[in-house]
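Colleague: Following the hints, position chain D against chain W.
Protein chains: 2
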Amino acid sequence: MSSLTKSSFWNKPNGEGDMKKIATIHTDFPTKFGIPRQSGLVEELKGRVVFEPEFRSPDAIRGLDGFSHLWLLWKFNTPENSGSLTVRPPKLGGNVRMGVFATRSPFRPNNIGLSCVRLEKIDGADLIVSGADLMDGTEIVDIKPYVPYADCHPEAVGGFSKDGSERLEVVFSDELKSKIPENKQAALIKVLELDPRPQYQDDPERIYGFGFAGYDVRFTVNGGILTVREIEKFTFC
Amino acid sequence: MSSLTKSSFWNKPNGEGDMKKIATIHTDFPTKFGIPRQSGLVEELKGRVVFEPEFRSPDAIRGLDGFSHLWLLWKFNTPENSGSLTVRPPKLGGNVRMGVFATRSPFRPNNIGLSCVRLEKIDGADLIVSGADLMDGTEIVDIKPYVPYADCHPEAVGGFSKDGSERLEVVFSDELKSKIPENKQAALIKVLELDPRPQYQDDPERIYGFGFAGYDVRFTVNGGILTVREIEKFTFC
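Chains as they are written, first to last, in this note's numbering: chain W, 18 to 254; chain D, 18 to 254.
Check before you lean on any hint, since a few could be wrong.
Any copy will do: because identical chains look the same in the list, a pair fits if it lies in one copy or spans two.
[Said to hold, decoys possible] For lysine to aspartate or glutamate, the following EDC-like pairs were computed, each having C-alpha atoms within a straight-line distance of at most 20 Å:
#, residue 1, residue 2
1, Lys138, Asp76
2, Lys49, Asp233
3, Lys38, Asp143
4, Lys37, Glu156
5, Lys92, Asp153
6, Lys138, Glu61
7, Lys108, Asp82
8, Lys138, Glu172
9, Lys108, Asp76
10, Lys201, Glu61
11, Lys207, Glu247
12, Lys92, Glu69
13, Lys49, Glu61
Read the hints as simulated data drawn from the structure, not as lab findings.
One chain only, chain W, in its complex shape (with noise of 0.2 Å):
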C-alpha cells in the first residue's frame, strides 16, 4: 500500500500563501532538540505569542482572559514530507509503523499542529503561555478558547500514547546550574527528565546536546540517569 510514496500531490509549496501567520511563539528552543513530545509535559515551559500587526490589538483578543487554557494551531517546520502513509512513533521506539492519522506526527498531509497551552497572562499585546511544545519562531495560524464542555474527555482512551511517565534521574551540579538564570532551571531539568535524546539512540559514553534558552546544554545518560556536562552560552553564528 505504499505507492503514494512520491505522489507530488503531497509536496506542496513550503508555507508561503497557504495559510495566514496571525502570530508567532517566541520559546526557549532554538531547534526541535529537546521540545517535549506533546504540549502540558513541561508547565515551567513559557513561551510569548507576539500577533502580526493587522492582529495585534485588545479587540482581537477580548474576552480571552477569562479562559484559562488556549488551542494553539500552528505551522510545522517540515520542510517536505515523504508522502508516506505511515509514520514512526518516537513513543514505540521508532520501530513501530502507525497511520499518520494515528499520530500527532509533523509529517502529515497538511502541516498543521495543535497543542494546548495555558494561558498565564495577557502582557500588553502579547500572551504568556505556559507548557508550549513549539520552537522558537514557530508561525501560528490561529487561537481558539479551550472550551471544557467541548473539548475535556476525561473518559477518552489514548491508544498507544503513554503519558510520559517514565522520567530520567537528572544528575546536575550546583555549578553547573548557576551557568543559567534561576527562573530557567526548573524547566530544563524537566525537559531533561523526558530524555531529550534522538531515538534509536543509547549510548552511555556519547555527549549529546541541545539548545535551550540561550544556552548549549551537553549531557550524558547511562542507564536511568542523565548527567549535565556543560552549560555554555550559546551564541548563533
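Modeller: Coordinates of chain D only, in the frame set by chain W:
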C-alpha cells in the same frame, strides 16, 4: 481599534489550494441550521468520514482503533470574512462582541474548525464518528488522535462559554415522530432541545425549520417549550 475592518489581506480566495482535503464527512445536516454549537453536545449524532482516494488505505489509520476520540480539523464554509477582529457569540445573546481569538466562531483569519468526536468504529475504509457538529459534505483537512494526557484538562476554566445546560422541553407527537426512522429520533430530539432557532429570534407564532437526516423539520417555540409541527421527507431540487 477597528481600522482593519476592510483589510484585503483577510479576504483570501475561497478554499481551493490553500489546504489539502484529506476526507469528507457525511452528516444529517444538509445546511448549517440546527447544528449544535460545539462538538460532543449530542453524542447520538453520527457521521461518516470518507477519505480521499490517496488516503483511503488501512495504512493511513493503522493504530487509530486504539483511540476513543479524535480531532477533526475542517474547513468552515464561510465564503468570505468581514475582516472584523471581533465577533458576537450566539451564547451571549448576539449583542456582545468578543475577540475573534476568544471564540470558536467561524469568522476568523484562517477558516479551520476544530472538533472533538468519538470514534465509534472503523467501517471498511471509513470512520464512523459521533458527536460531530459539522455540516454534510464538510471538507476534513486533518485527523489527529485525542491524546488524553496532552488534551484533557479537567481543571480548565471556560470563560464565557457555557456547557449548554439550558434545554428546551420538546413536544413531539408519536404520529410525527413515526415519520422519521427510529435510529434518528433520539438525535433529533436532543438537537431540538438545544434550541436550533437562529439567534435574536423569539416569536411564538413563527414556524422555524431545518433539514435533518433527509427530512424537513418544522417547529414552534413558546417559552421553554418547543413543539414539532411537521415532518416531511426532504427533496433536494
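Colleague: Now, for every hint given, state plainly whether the structure supports it.
Modeller: Comparing the hints with the structure gives:
1. Lys138 - Asp76: within (16 Å within a copy, 42 Å between copies)
2. Lys49 - Asp233: within (13 Å within a copy, 52 Å between copies)
3. Lys38 - Asp143: Cα proximity of Lys38 and Asp143: one copy only (15 Å, versus 33 Å across).
4. Lys37 - Glu156: Both. Shortest intra-copy (9 Å) and inter-copy (19 Å) distances satisfy the 20 Å Cα cut-off.
5. Lys92 - Asp153: within (12 Å within a copy, 27 Å between copies)
6. Lys138 - Glu61: For Lys138 and Glu61, only the intra-copy Cα distance (14 Å) is at most 20 Å; the inter-copy one is 38 Å.
7. Lys108 - Asp82: between (35 Å within a copy, 17 Å between copies)
8. Lys138 - Glu172: Result: close only across copies, 17 Å inter versus 30 Å intra.
9. Lys108 - Asp76: between (41 Å within a copy, 19 Å between copies)
10. Lys201 - Glu61: within (8 Å within a copy, 47 Å between copies)
11. Lys207 - Glu247: within (17 Å within a copy, 61 Å between copies)
12. Lys92 - Glu69: within (15 Å within a copy, 23 Å between copies)
13. Lys49 - Glu61: within (18 Å within a copy, 41 Å between copies)
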